[in-house]
Amino acid sequence: MKKTELKTFNNDLPKTPTGIQGFDEITAGGLPKGRPTLICGGAGCGKTLFGIEFLVRGATQFNEPGVFMSFEETNEELTINVASLGFDLNDLVKNKKIALDHVHIERSEIEETGEYDLEALFIRLGYAIDSLGAKRVVLDTIESLFAGLPNQLILRAELRRLFRWLKDKGVTAIITGERGDETLTRQGLEEYVSDCVIMLDHRVTEQTSTRRLRVVKYRGSTHGTNEYPFLIDETGFSVLPVTSLGLEHIVSNERISSGIKALDEMLEGKGYYRGSTVLVSGTAGIGKTSIAAHFAEAACKRGERVLYFCFEESPNQLMRNMLSIGIKLEPWVRKGLLRFQAIRPTLYGLEMHLAVTHKFVNEFKPDIVILDPINTFVTGDKEFEVKTLLMRIVDFLKVNQITALFTSLTSSECRMESSDVGISSLIDTWLLLRDIELNGERNRGMYVLKSRGMANSNQIREFVLTNHGVELRDVYIGASGVLTGSARIAQEALENSKVFKRKHEIESKKREIARKRGDMESKIATMRADFASEESEAIKILEIEQEMIKRLEQDKMEMAKSRKAKTGNIATKNV
Amino acid sequence: MKEKKTKVKSSLDDLDLTVSNQGKEQYILRLYITGSTIRSALALTNLKKICKEYLEGRYELEVIDLYQHPSLAKGEQIIAAPTLIKKLPLPFRRIIGDMSDKEKVLLGLDLKEVKEKIDFQ
Chain A
526 MKKTELKTFN NDLPKTPTGI QGFDEITAGG LPKGRPTLIC GGAGCGKTLF GIEFLVRGAT
586 QFNEPGVFMS FEETNEELTI NVASLGFDLN DLVKNKKIAL DHVHIERSEI EETGEYDLEA
646 LFIRLGYAID SLGAKRVVLD TIESLFAGLP NQLILRAELR RLFRWLKDKG VTAIITGERG
706 DETLTRQGLE EYVSDCVIML DHRVTEQTST RRLRVVKYRG STHGTNEYPF LIDETGFSVL
766 PVTSLGLEHI VSNERISSGI KALDEMLEGK GYYRGSTVLV SGTAGIGKTS IAAHFAEAAC
826 KRGERVLYFC FEESPNQLMR NMLSIGIKLE PWVRKGLLRF QAIRPTLYGL EMHLAVTHKF
886 VNEFKPDIVI LDPINTFVTG DKEFEVKTLL MRIVDFLKVN QITALFTSLT SSECRMESSD
946 VGISSLIDTW LLLRDIELNG ERNRGMYVLK SRGMANSNQI REFVLTNHGV ELRDVYIGAS
1006 GVLTGSARIA QEALENSKVF KRKHEIESKK REIARKRGDM ESKIATMRAD FASEESEAIK
1066 ILEIEQEMIK RLEQDKMEMA KSRKAKTGNI ATKNV
Chain B
839 MKEKKTKVKS SLDDLDLTVS NQGKEQYILR LYITGSTIRS ALALTNLKKI CKEYLEGRYE
899 LEVIDLYQHP SLAKGEQIIA APTLIKKLPL PFRRIIGDMS DKEKVLLGLD LKEVKEKIDF
959 Q
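Residue numbers (this note's numbering), protein chains in the order written: chain A, 526 to 1100; chain B, 839 to 959.
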């Protein structure tokens, strides 16, 4: 007999991983190793499946063969039933990984004639375990014995012995039990199996059903105590341990563009943080989806993967509509970078939505997730649940470094900030779109209500949908406040004409100066010319004068010659 | 148990006799026990006594120790020990316990009202 527990007794309770998605996380490792676990719940809540998956995963992932002892379904039924979940039991049985044993008890065939025990069952189970070297055992649903064997005293004593025996065998066992009226199981099995009790539940609220799982008890181990939604789909069981997550995710300093240049500029010119949560809220028809589509397109252009949950439009309709503002999403869908998931919010319960979101995100591994819009979840007075749902989604996406963009519809009566299903505290960047009614027009305005960790613009921008996408216009502040629409256009025109006028004036001034300069220069030229002519005249006169002086002297000389006077005296006098 | 299989009594292989309507059917019985416990021994003793009294000369009893043949438990759908299986005559019956309640054993073997009983075979 193996006593595997003893070795690591001082450290921690040894655990057997179930391989069931999410379950091992909430139980910090799986089921208690070498001990029986009770799984209880009402009809159709997935007990058998849990057991089968425990064995299949054990056999395929952890190399631990298992024995499935069924008290209800025959081996053939079981094989067919779980084949729809992708488990090929026949193959596993053939390879000696799993043994199926259907225990058939027919009350009418049985006659009790005195004392007996269930030793034969032990032998049978023991033989199956030994022939495979099984580490895992599932007994589904052992309570059926109570219907077949009338002597309850013997049965109870034998069951107690059975669970003890399973422990001694060192196998990790799952015992399933139908839920009773006031007890966890109809026959009070929890009395015997007390190491670990897991309750499965299938509840219908507001016409939508949700499966939930709760660890009622787990001796010697910490575990999540909440009710966790779980999902049974074509890949089996998955539990969502979302609320067990702390706020310890890694943060990124990387910035990613919103796809709208002007919006990026409002956010320090860089856009959102990667891994942040963006909320776009606004009234109907304001362009929330357009902003989301821009973001999606920009991400696809960067080669990132985008998962777009649309809760109100069909993907085709959305793509067509976005085409009208020049956003082509279809090529990205074909390239496999963009994936749409169109689900009506009312199709599942909230928990199921969470589960589905998880599943798709894990499958598609997107960089960006868009939920459009989130407030369709709020049907009735489930606001608290919606908030927890979104919180879980936000947490989940943050942990995975996925940037999330939610859109939220606010009704025009209640004002903006209050109306957003109470998730404002979860949001990192919040863009508020609002309609501005002025001069008989309804125009769109956008501002960044908050943006954690960046110096965002405080401006309200006018937001225009053009045939080449969303554009943000500068806003004109007039006497009556912000000007939008045609008032803005008028203002723009006014300013444009002013600018034009001013430009014109400058031009003419420039021309005048040029002209004046010309004038001045021509004047200078004429003056120069005048001066030059006067100068030359003067020179000429001077020359003539000198000529005359010369001539006079010559004349004097000649006269002196003729009078025979002393030339030298005369000459000196003249000098 | 000392013996693995004990053929206590083998009677005529006469099919006509087994299907006859005279309360003379051939009984084929199998007793599954789990080792030589007191309960096993008690069951065997009680059963032998009953057989001798009611089925003298027309029964076949096989005693099987499940510890020796664990695989048989699955094939025969046995969970309790001791279990006596009445293979023939029909209807198929399981009689569990140490056979100390003689009335119930007889009821299980369809021997109680053997005179009025109409055989379905």
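None of these hints come from the bench; they were simulated from the model.
Treat the hints with care, as some may be off.
The calculated DSS-like cross-link candidates involving lysine-lysine, where the alpha carbons are at most 30 Å apart (straight line), are [stated by the list, open to error]: (1) 622/A x 887/B; (2) 619/A x 912/B; (3) 1065/A x 1048/A; (4) 692/A x 942/B.
Results for each hint:
no., hint, in the structure
1, 622/A x 887/B, "46 Å, violated"
2, 619/A x 912/B, "17 Å, holds"
3, 1065/A x 1048/A, "26 Å, holds"
4, 692/A x 942/B, "36 Å, violated"
In terms of the numbered hints stated before, the structure departs from hints 1 and 4, listed from lowest to highest.
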